Amino acid sequence: MRYLPLTPAERSEMLGVIGAATVDDLFVDVPAAARLSAPIAGLPMHASEMAVERHMAALSAKNLSAGAVPFFLGAGAYRHHVPASVDHLIQRGEFLTAYTPYQPEIAQGTLQMLFEFQTQVARLFGTEIANASMYDGSTACWEAVAMAGRVTRRKRAVLCSGLHPHYVATVRTMAKFTGDTIEASAPRLEAEPDTAGVIAAIDDQTSCVVVQYPDILGRVTDLAAIAEAAHAKGALLVAVVTEPVALGLIEAPGALGADIVVGEGQSLGVGLQFGGPYLGLFGCSEKFVRQMPGRLCGETVDAEGKRGYVLTLSTREQHIRREKATSNICTNAGLCALAFSIHMTLLGGTGLDRLARLNHARAQATAERLARVPSVAVLNSAYVNEFTVVLPQDAREVVRALADRQVLGGVSLGRLYPDAPDLANGLLVCASEMTSDEDIEALAVALEGVLA
Amino acid sequence: MSAVNAAGWRPEMGSAAAGSAETTSGDKALMLEEALIFELREPGTCGVDIDAADRGPVAGLARFLRKAPAALPGLSEPETVRHYTRLSRQNYAIDLGPFPLGSCTMKHNPRLNEKVARMPGFADVHPLAPQQSARGALEVINQLAFWLIELTGMHGVAMSPKAGAHGELCGVLCIKAALEARGENRTVMLVPESAHGTNPATAAFAGFSIESIPATADGRVDLAALTARLGPDVAGVMITNPNTCGLFEREMKTISDAVHAAGGYVYCDGANFNAIVGKVRPGDLGIDAMHINLHKTFSTPHGGGGPGSGPVVLSKALSPFGPLPYTARMPDGTVRLIEEEDGAAEHPQSFGRMAAFHGQMGMFTRALAYILSHGADGLARVAEDAVLNANYVLRSLEGELEAPFAGSGPCMHEALFSDAGLAEGFTTLDIAKGLIDEGFHPMTVYFPLVVHGAMLVEPTETESKAGLDRFIGSLRSLARRAKQGDEGLKSAPHFAPRRRLDETQAARKPVLVWKGDAAA
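Chains as they are written, first to last, in the numbering used here: chain A, 9 to 460; chain B, -1 to 518.
It should be emphasised that the hints constitute simulated quantities derived from the structure, not laboratory data.
Hints are not guaranteed to be accurate.
To be verified - Pairs of lysine-lysine residues, derived as PhoX-like cross-links and limited to a Cα-Cα distance of at most 20 Å, are as follows: (1) Lys295/A to Lys513/B; (2) Lys314/A to Lys513/B; (3) Lys488/B to Lys314/A; (4) Lys241/A to Lys295/A; (5) Lys507/B to Lys295/A; (6) Lys251/B to Lys314/B; (7) Lys314/A to Lys26/B; (8) Lys507/B to Lys314/A; (9) Lys163/A to Lys241/A; (10) Lys113/B to Lys70/A.
Stated by the list, open to error - Residues of chain B placed beyond 10 Å of chain A at every Cβ, according to the derived structure: (11) Ala19; (12) Ser23; (13) Asp25; (14) Lys26; (15) Pro212; (16) Thr214; (17) Asp231; (18) Pro318; (19) Ala326; (20) Glu398; (21) Pro402; (22) Asp484.
Note that this is a predicted model, so its numbers are computed, not measured.
Note that CB positions come from ideal geometry on N, CA and C, so glycine has one too.
Generate coordinates for the entire structure from the input sequences, incorporating the hints supplied.
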């Protein structure tokens, strides 16, 4: 077998050193009744690299990849052009096949990258500090709610109606087991987010207000107004960014008063990958550092005074604190953080600004064309690269009919909110720098055909 | 500097051999220092060609616009490639040599897995694409789920947990939901003292109080202490098997039966499943839930600390409570994704969603490629060679290093040593740092906690005998140096890109972001 270097002669020789007659003698502690004497029945035997590649290629071919057709999906996962150097660099074995940098003297590559990543995320979010990444945006969102509870010693979180429903569901699941109270509702199909409603929901028992920015319908919320209201009641503002490219165009949440900013970093460098692995981003004020979840990389010096980096403040973490840890998290999303960081290093703040403006322009072109499709209306007054259109019928059926015409036309609100019939006609449409004029025309024509 | 190289110094000898020789650049031949990106360029530059937007922002966006771009430099492609390539050379990796971290399972990462994960039908598919356009992706999830169920002898599997600790949480939440469904409020989770730190952290997060169960003198769970503690307040037990001492819990089935008889559930930490895959099915030992680290047993890359992937196999008793979404094979043979829309009808007792979307697809494709490559026969051989390699290390070194449980029989996939017998003032850490100078990544140190100065060596099945012999030779010589009190060892590593780093300073005054451009 190509992944196993030992030869039969070496196995015999090693058994001799050990003093065992057979390999099965090494499994003597397994009760005989539970020991398998032959390969598990009904499962295939080993296969060559060529055979496995063929099997997987056949499965891959059964999917309609985003690049093959006009494509307009977003809703928490975004398709952007990733420069070729990003994927090349993350496949260097020294990054790909390294472990968590527990031995910093021989892990400075990963550690310096994480320090740069933390700085990039903090500057993108407008927060003082950031951690070395988390599983994804939804779990980072829960961790922010939990951290706000630790900071304020309150257990009632208000989630804005524009928060991604998967994020709401994740927070609700976790809260069920910690006893936090979660206030959340589905959004209404209105041009502006319900800022007044969010503010009215904040009381003096509220630990945090969680606001997605831009929200699930692509609308942009006045974070500064909510921050002021939250702080007046002693609550924290948690901003959630599912599309970091948007922050090339709209103000950083930290600059508008958000105390904690979390996000999904997938759209830079990582790729769609049918949902994972993705990249949780987490930034906050420096005063909360000891309440933060997740790994942190910090600067220090070595015995000769040379600058170097280590994982730090691990007294918050499970391997030291066990049941008193701030979180049970044991990994970050190291390789995805690297991809994000490389992409961000290529772009810089200037490139992100240009990219966001181009995304916004393509979205405008899409919105203008769709608005000319009979009985289709664009909902948003403001958006960056994603907006909602209201169709004359259930958007779930429309999405399926568009896919039959080889157009991936958007995400139906009915799929995201199966219990909210008044949202059923809503369709989320996302454009990016990848969206061509031909793609836009193909979507519009296909939509006209489906709705005719 | 003299033109005559009297000492015969060559770059591979490192800085110590070069004596006081310093260079103008700070680099030394192939030992390259690298500045931070923020020091390489100032903000205002960009390394990507991006078309100018053909129009300005919509009117409604005017009040939200960013005042200035984020203060981040953009490096050109050549600068970027060089920056990260130079950084990469300061990392040790499994591609460079053995990475014998006990319990972490650093095995070879096959490149076929990388190729497969990048196929456009997997890498470039949106998680919310209509199911009709993602049949192959759903098929991958379902095929991997099938293998995991068959290999573990369990009833069902939750695929969405994003890492091992997330999987633990999933399993514990299933237990909590099952107890609630029974109308019982059991508040105590029993955790052996040899457990991974994630176990008590997870159970505490889910609202259980933790009670520790001691280990016996031979490194296993104290069955008598455990059964004595069982009762109507005990929700269950979290056991690692094989355990973190590298030993199989011989009484696992007895423990499971006792826990079940007392109304509790058995969680198994599957971090060490690689030792028994194809040889033992946890389902046959009475396990109710077990996470599987795809990045350990099934060779997906660790990537410098993630991403992981932690599917959880579940018993018949716990399966009804697993998370949404999941895949199900329909009577017509196709695979369907069951989400919230159908969840109420198809999976009404689910405890809910653990994360957005459906799990670590990029890890599923890699793990499936690995599993198909080995097949049922090859996976059993994986466990056999992993255990053979670990026992070879154990028996080759037990004369040099104290091996506290070696007398009780063979180990499983990892060999455990203690610091007993080292010279006064010499520690496990010194041996670990000495291994760095020898060109190896150290083993896991100071874990498990039940052994003083623990050194936990997990070679994995992908090390050759010649590679193991080199590692054993280095560790043997380091053990002797530590026993003889060789002072040079106290200051190791000497040849790494950095000497020992001041972790105390890092924690006392944390510097977590670069502030080199801040006004003084």
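Can we confirm that no CB of chain A comes within 10 Å of the CB of Thr214/B? At about 13 Å from chain A, Thr214/B clears the 10 Å cut-off, so the statement holds.
Please verify that the nearest CB of chain A lies beyond 10 Å from Glu398/B's CB. holds, 14 Å
Far enough from chain A: is every CB of that chain over 10 Å from the CB of Ala326/B? holds, 17 Å
Would the hint linking Lys295/A and Lys513/B be met if the CA-CA limit is 20 Å? holds, 17 Å
Minimum Cβ-Cβ distance from Ser23/B to chain A exceeds 10 Å: Given that every Cβ of chain A is farther than 10 Å from that of Ser23/B, nearest at about 14 Å, it holds.
Holds or violated: are the alpha carbons of Lys163/A and Lys241/A at most 20 Å from each other? holds, 14 Å
Report holds if the minimum CB distance from Ala19/B to chain A is greater than 10 Å, and violated otherwise. holds, 14 Å
Taking 20 Å as the top limit, are the C-alpha atoms of Lys314/A and Lys513/B close enough? holds, 18 Å
Test the statement that Pro402/B is away from the interface with chain A: the closest C-beta pair must be farther apart than 10 Å. Given a closest Cβ separation of 16 Å, the condition holds.
Check whether the Cα positions of Lys507/B and Lys295/A lie no farther apart than 20 Å. Since the Cα atoms of Lys507/B and Lys295/A sit roughly 12 Å apart, the hinted pair holds (cutoff 20 Å).
Least C-beta distance between Asp231/B and chain A, which was stated to exceed 10 Å: holds, 17 Å
Does Pro212/B really sit off the interface, with its C-beta more than 10 Å from all C-beta atoms of chain A? Holds, since 15 Å exceeds 10 Å.
The structure shown violates none of the earlier numbered hints.
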